[in-house]
Amino acid sequence: MTDLRDALLGRDGNARRAIEYAVVTKAVVDGAKEPGFGAASWNPLRDMIEVDEFVRVGNFKETMDWAGYVGFLTGWAPAAQWDATFKRVTEVDGRVFLELEERSTIGDLHSVVNSLSVYEFNAAGKITHIDVYLQMPLPPPELLAGYQDVEITR
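In full-length UniProt numbering, the protein residues as written are 1 to 154.
Treat the hints with caution; some may be incorrect.
Stated by the list, open to error - In silico DSS-like cross-links for lysine-lysine, where the CA-CA straight-line distance does not exceed 30 Å:
1) Lys33 to Lys126
2) Lys126 to Lys87
3) Lys87 to Lys26
4) Lys26 to Lys61
5) Lys126 to Lys61
6) Lys126 to Lys26
7) Lys33 to Lys87
Stated by the list, open to error - Quick list of simulated restraints, FRET-style, between CB atoms:
8) Glu142 to Asp93: 38 to 46 Å
9) Gly107 to Asp52: 30 to 38 Å
10) Leu138 to Leu9: 21 to 29 Å
Derived by calculation from the structure, the hints in this document are not laboratory data. All of these numbers come straight from a predicted model, not from anything done at the bench. Where a beta carbon is used, it is the ideal one built from N, C-alpha and C, also for glycine.
Let the hints inform the model, and build the full structure from the sequences given.
Structure follows, in structure tokens:
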């Protein structure tokens with residue numbers, strides 16, 4: 001496995017953009033513990049997104065538009081420690097398949113998951129859709145509490 005920043009080396013196009021998305025996420029989550037953190041702190045990610053078209057389907061099949069996703073992230077990040085290690089990336093027909101090992105801590109809860117995120121891009125190179133798939137042990141109920149206001153599709 002490789003550090004996310006090292007994974008950027010020698011990559012371009014949408015594959016690079018998907019890895020950059022993870023690098024930026026790490027930087028914003030780390031900065032979320034500083035004064036002044038808020039929804040605008042996610043603007044570096046917003047610059048990578050086609051905001052009006054964006055849809056993210058998450059860990060539990062919850063679907064969020066950009067505003068909903070920013071609200072979710074803004075509530076999560078101040079309490080979270082998050083890091084990821086690069087495993088592999090594949091780009092096919094405007095879609096990027098990015099595999100990471102993600103590690104997070106929220107309070108006393110620690111998790112390590114294998115993730116596969118599928119990024120769809122428009123012709124301008126902006127992200128329009130992300131699907132997230134995880135391999136993980138069943139999380140404790142406390143971890144799921146952060147999803148209490150999120151509508152989950154069954």
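Here is what the structure says about each hint:
At roughly 28 Å between alpha-carbon atoms, Lys33 and Lys126 fall within 30 Å of each other, so this suggested pair holds. Between the alpha carbons of Lys126 and Lys87 the distance comes to roughly 23 Å, so the proposed pair stays at or under 30 Å and holds. Among the hinted pairs, Lys87 with Lys26 is consistent with the structure: their alpha-carbon atoms are about 16 Å apart, no more than 30 Å. Of the pairs offered as hints, the one joining Lys26 and Lys61 holds, with about 23 Å between alpha carbons and a cut-off of 30 Å not exceeded.
Among the hinted pairs, Lys126 with Lys61 is consistent with the structure: their alpha-carbon atoms are about 22 Å apart, no more than 30 Å. For the suggested pair Lys126 and Lys26, the alpha carbons sit about 19 Å apart, so the restraint of at most 30 Å is met. For the hint linking Lys33 to Lys87, the alpha-carbon distance of about 28 Å falls within 30 Å, and the restraint holds. In this structure the hint that Glu142 and Asp93 lie 38 to 46 Å apart at CB holds, the actual value being about 40 Å.
The supplied range of 30 to 38 Å is met by Gly107 and Asp52, whose beta-carbon atoms lie about 36 Å from each other. The given range of 21 to 29 Å is broken by Leu138 and Leu9, whose C-beta atoms sit roughly 36 Å from each other.
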